[in-house]
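There are 4 protein chains.
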Amino acid sequence: MDYSAEKLHEEKVFKDPVHRYIHVQDRVIWDLIGTKEFQRLRRIKQLGTTFLTFHGAEHSRFNHSLGVYEIVRRITDTVFVGRPEWDQEERMLSLCAALLHDLGHGPYSHSFEKVFDLDHEDFTKAIVLGDTEVNQVLSRISADFPKKVAEVIDKTYESKLVVSLISSQIDADRMDYLQRDAYYTGVSYGHFDMERILRVMRPREDQVVFKQSGMHAVEDYIMSRYQMYWQVYFHPVTRSAEVILTKILHRAKHLHEQGYSFKHKPHHFYSFFKEEVTLEDYLKLDEGIVQYYFQIWLEEEDDVLRDLCARFINRNLYKYVEFDPAKEYKKLTKLSKLFEKAGIDPEYYLVVDSSSDLPYDFYRPGEEEERLPIHLLMKNGELRELSRESDIVDSISGKRRTDHKLYYPADLVAGHEEICELLD
Amino acid sequence: MDYSAEKLHEEKVFKDPVHRYIHVQDRVIWDLIGTKEFQRLRRIKQLGTTFLTFHGAEHSRFNHSLGVYEIVRRITDTVFVGRPEWDQEERMLSLCAALLHDLGHGPYSHSFEKVFDLDHEDFTKAIVLGDTEVNQVLSRISADFPKKVAEVIDKTYESKLVVSLISSQIDADRMDYLQRDAYYTGVSYGHFDMERILRVMRPREDQVVFKQSGMHAVEDYIMSRYQMYWQVYFHPVTRSAEVILTKILHRAKHLHEQGYSFKHKPHHFYSFFKEEVTLEDYLKLDEGIVQYYFQIWLEEEDDVLRDLCARFINRNLYKYVEFDPAKEYKKLTKLSKLFEKAGIDPEYYLVVDSSSDLPYDFYRPGEEEERLPIHLLMKNGELRELSRESDIVDSISGKRRTDHKLYYPADLVAGHEEICELLD
Amino acid sequence: MDYSAEKLHEEKVFKDPVHRYIHVQDRVIWDLIGTKEFQRLRRIKQLGTTFLTFHGAEHSRFNHSLGVYEIVRRITDTVFVGRPEWDQEERMLSLCAALLHDLGHGPYSHSFEKVFDLDHEDFTKAIVLGDTEVNQVLSRISADFPKKVAEVIDKTYESKLVVSLISSQIDADRMDYLQRDAYYTGVSYGHFDMERILRVMRPREDQVVFKQSGMHAVEDYIMSRYQMYWQVYFHPVTRSAEVILTKILHRAKHLHEQGYSFKHKPHHFYSFFKEEVTLEDYLKLDEGIVQYYFQIWLEEEDDVLRDLCARFINRNLYKYVEFDPAKEYKKLTKLSKLFEKAGIDPEYYLVVDSSSDLPYDFYRPGEEEERLPIHLLMKNGELRELSRESDIVDSISGKRRTDHKLYYPADLVAGHEEICELLD
Amino acid sequence: MDYSAEKLHEEKVFKDPVHRYIHVQDRVIWDLIGTKEFQRLRRIKQLGTTFLTFHGAEHSRFNHSLGVYEIVRRITDTVFVGRPEWDQEERMLSLCAALLHDLGHGPYSHSFEKVFDLDHEDFTKAIVLGDTEVNQVLSRISADFPKKVAEVIDKTYESKLVVSLISSQIDADRMDYLQRDAYYTGVSYGHFDMERILRVMRPREDQVVFKQSGMHAVEDYIMSRYQMYWQVYFHPVTRSAEVILTKILHRAKHLHEQGYSFKHKPHHFYSFFKEEVTLEDYLKLDEGIVQYYFQIWLEEEDDVLRDLCARFINRNLYKYVEFDPAKEYKKLTKLSKLFEKAGIDPEYYLVVDSSSDLPYDFYRPGEEEERLPIHLLMKNGELRELSRESDIVDSISGKRRTDHKLYYPADLVAGHEEICELLD
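Chains as they are written, first to last, in my numbering: chain A, 1 to 424; chain B, 1 to 424; chain C, 1 to 424; chain D, 1 to 424.
Because the hints were derived from the structure by calculation, they are not lab data.
Some clues are possibly wrong.
Same chains, same label: a pair holds when it works inside one copy or across any pair of copies.
For lysine-lysine, the following BS3-like pairs were computed, each having C-alpha atoms within a straight-line distance of at most 25 Å [claimed, not checked]:
hint : residue 1 : residue 2
1    : Lys274    : Lys399
2    : Lys265    : Lys337
3    : Lys12     : Lys405
4    : Lys265    : Lys284
5    : Lys274    : Lys155
6    : Lys7      : Lys319
7    : Lys331    : Lys155
8    : Lys331    : Lys319
9    : Lys114    : Lys211
10   : Lys263    : Lys284
Quantities reported herein were computed from a predicted structural model and do not represent experimental measurements.
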């Protein structure tokens, strides 16, 4: 029997607080969920350090990945099925890519990628194509199926329509995480009428488009996204935790490079320190492992490493002030000197962090990161770019917003009057 | 200034998906939340292995502890304040006990307590009374304050009213976890009108009582509790994961006792193996640490340990069948022998697990575990026990329900025909 | 083209707060919704006088009828379709019966039926079978289709399976109104996992049955029903308004029979007074019309009629005390005499009202109102009656609960000491 | 005892789906709710004809008025109380004005005001100041209290702070109706974090201001308002019903002026036709009365009146096309002539309807309708106008959006080819 068409004897359902139920009828999907690489996503938080700001945000990428799969399943099985522009042969490919799109995320990806020069998307591809349980399942469909899945996730697959389901300015990935992250944090942003958006989706050769009658639901989605970025994802307290986490990794790497002798050998980190991470090593790392090291490092000799780990584990974070890099360059230099004078290493204890978001953009051909704009399908069959129809989207379209903050440990600088004055 | 009366310059709020906001005005509470012992609760899941059944249930005990605190705060500050039967002096004690009541929970408490003969309540007391940051904060109020807090949690405090806020058949602890666990798992049980229950609470000398006009909200709470126990807490898949986890601990302890040489020394476990756990060792253990060991044990020589760890980490759980211990004793003996014959150690691979719940009970003086019944405050001032007024509560009152299941690894027994027949 | 198979050019959706969207694809359904008899349901509240207790309960039967239709649509189109036990030919019949099942309800049906000896189910049949727009639409399907619809609603249709979708102890009607009435009143009862219940429904020859795995959702539904009856439907304040309303109708009929000359002729009521109501007259009556009369009767000469109307319009309701008809018969007689002595007509101002509910019943053959019990479909294919599997349902099964109250106008009796003492 | 300070023996609560509970502790508020003028609001829908588009929108102004009261109560009793800038003497005045602010609304106010040249705010004042039960209650506080209440509602009261609680670009009125209308219609817009907004409100001499930390909740409110206006309040189908309703009133007035003899005398309308409406007449009118007339007018001789009433009662509404008054003036003239030629009176059957909204505006001194902008209270104590801090509000600030549509009866014009072509 054709493995890719094989149905489970009885549909399996997962209770999900966001989509109520996640439905699995396909043997392939069930098998993928059971692989150890997919189960590993349970050990990696969807929002990294955000739980230190919003205590509810403890949900994992496993959670989110099931959600993205479910959204794509609803699209293919209840909206696209039977439409001439949709090739039902692409269904299983779309479902697999949706389920697996975040497979390569590691613990606290943002910080790890920065410090160790990694890219989680490379690891996603490596897992899909490498010697893994996931690859075994996918290969049972056909020899070239893993490659196709990797291409969809990589946005290089020939059908841009399939790619746009997973990666576009309004895709299943974003629709799931906005709702899910809002649910777990408890914030009132992040609500939009997904049921309506799904119902007005229409397949076109190059991308998914949206019937014009659903424009307001799409607007609402764009606004949700905007608010979630600034209220949740870029929350300054979360960024403070991330600054510290990044500095822990820096310090550990630095110590290793200096030949420092760790009390307990950090086996799991060696290939990261050397920036020669194998897939096997990468898959061994998860947040439990990372926290294990942060906790045993509380007993290390190095003051900086110990202090930073204690801050992260016990949530004793840095304070912050607004910072304008254009105008306050000199101030930063001055502070840096004062920190050194006070014996507080500015490399680790005086950090500028910048966040930046472009809530929506129309098409700018030739620009570095070409973003596919959202297209409305008008009653007369014409396509029109969203910001031309929506005043409210037009008003924020193409406007990048950036925020810079300067982070420092209030407890350590207390008493150093010159520093405190500059930071006030 | 009196530390216990000190207010924060500005109220702090935590966004909480269940209670919307958690409000902190007191310096003491803020300081307690900041202690490392309280922050440790972020690394211990509220529902242990339940996330392997309900993927949303990844929330921590930190979450829940804040919730219990908030409920007690609402009771004392908006319902009890000003009532002659309530001594506002007990407010801070009630808040601290509510916040700290689960402080001694370790990772997967149920399994750890069983295997290593521990009691999380002993550790709660030890943390409150011992050399900890929590104790330092509490001691600033008064020398005997930590002891009082420990007594409330231990249910030995002189004011039974204060005790009943935290520990009774309808207390802040239960009201929080039913709602919270329902929210994170996404199940539709677990909803009741807490706002109404709080509003009809009245302080009496020995316990909290409930105005009769709110009886139906209380009924609804009892029913929620009933459903949550059987639908969520005792879910057979969750119990399967717990069975495996318990067996991992058993095996590791057994190996240690046999003088087995671990590749990586399990430092964190030594005092557990010896059943001489110090507070310091206990506090070092959390779920990240435990999972670290389970993962490095994947590389151990011992087949059983390795296999069990792989099952837990990769969610390859045991199957189960109904089991009646009274009638099927012989069958179990027979199965046990067949397992041995097949080279599958029944000690680890054939496990009876029993769950049992008493949804509500009226007072049975002299019985082992005296449960305080719920009392309604009638319009004429009289108190009446709930099951005498509520048909629906009466119908389940005092009726213990027990469920036994037999767990085994379907993959290992496959092919052993005699076994499969007996287990079918 | 076959009218019954005709699809709308584009699916129509109604935004619905309970089911999110109500979907109409069939021309027949769209046409039925557009008939004036169906639009009339907008002018009749789902819960009659309940809005005087729960101010949110202002929703109409139009609302509810769409909801019942939508539930049956989901059952037939996503759960039953393709199953051998289900005849897809019955789909349109089921949808029409679901949509139209309440068509014959008039304003404040309960009171009108009592006073004028009417039966709303007779009028439903009369509308379906008579000279109406609804009948015209149904007849376009086939000459005998209206009769079939009437039979389903009347529970006499040959397929008991179809009947059970609309009328049984767990049917689309009840599932909609419990959720809908909970939503509009704002009470926390009335929630159960309908999505799960729908998914475990299975068609059998004589009725819908429920896979055993969904038993707890069914239990939860039974409990919701129980709570809604006593907390909302039988709320004593609502019954007070209904007592007054009934007495207004009594008085008006009585005056008419006595040859009383109304200032404004109550044209709409004449055939009701004579108990010779034609379908045409019946359809003209709605709550707006009734309230028009109640308001112009504020200017009538008759003191009782005027007073009762003012009470209803301005919500100046009767107070109530518990009443035990078995034991307090003499007290009632005595009160009646005292009322007469005080010049307060006991016929209108001293009223016993009784409410009674049987939350669930197993099958009692031969009894007057044979109720079809709920059957679970066990894994082995066997059917088992719900209360044999569910402890909690068993505990309330077959137990009728009745409540009697004595209503009177507190303002009128004030000052009459003997009366007040007896009523205290 | 001071009536204004009198508390109820026991707090009364109303179950409310939007605010969960509405709390009444003050005797004055309880008495006001019981007046017949306030109870009359139960007979007037909050959203007029919107229920013909969103079937859930059947809620009354009674509902909303309680909600506005509750919001102001929470502000005064939990946020403002004790702050030096707030005069607790104004509490009762604020509560009364909140509760009564919509008291003068009649049935379908928008259409009635247009046709009969009325102003509901004049009637609110008349009820508060005239010979009414409401006035009696208010006068018991003090002789000039009714006048003060009228002034607050009229925005002429000396304390602009009190006025701004009820009437500003972010006031209790708007916060209630956005949430309430979203709840009853079921749309996903209309959600914002009111609890947070209330908590950051601060009293200042001239108005309520908002702590800057709550800016994003305020942004979210502005966006909710924007979406609700265009998705719900200005929905073209609702406007179609309103167009017809307005034309019914026009026609009836016209017929009366022409000396037409109605079969049933429209007593309730005479003073409206003459535009000499007394308070007594005004209070007699509600939606039940209006619908009574529309239904008896179904039997009138006049074809236009009969047809229009049938359209409204049976929801047979006008279709619409986009219309640009600047460019399509000639088309309208031409259509008008074609309608006349076809015997379809364009006065009643060809109607341009325009809707226009300004979602937020900063201060424009000297302009006709001076709108008070929303001010943020910065950390340094400074006030800053919202659009200067919020990019997203800035982008829509001061931008009026207008929509014109041309309405006509599709059934009547069918077959008139020239007309159909122009309207296509």
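Comparing the hints with the structure gives:
1. Lys274 / Lys399: Answer is neither: 39 Å inside a copy and 57 Å across each miss the 25 Å cutoff.
2. Lys265 / Lys337: neither (34 Å within a copy, 45 Å between copies)
3. Lys12 / Lys405: Between. Shortest inter-copy distance 22 Å satisfies the 25 Å Cα cut-off; intra-copy 47 Å does not.
4. Lys265 / Lys284: Classified as both; 16 Å inside a copy, 18 Å across copies.
5. Lys274 / Lys155: Answer is neither; intra-copy 30 Å and inter-copy 55 Å both fail.
6. Lys7 / Lys319: between (54 Å within a copy, 21 Å between copies)
7. Lys331 / Lys155: neither (43 Å within a copy, 50 Å between copies)
8. Lys331 / Lys319: within (17 Å within a copy, 65 Å between copies)
9. Lys114 / Lys211: neither (40 Å within a copy, 36 Å between copies)
10. Lys263 / Lys284: both (21 Å within a copy, 17 Å between copies)
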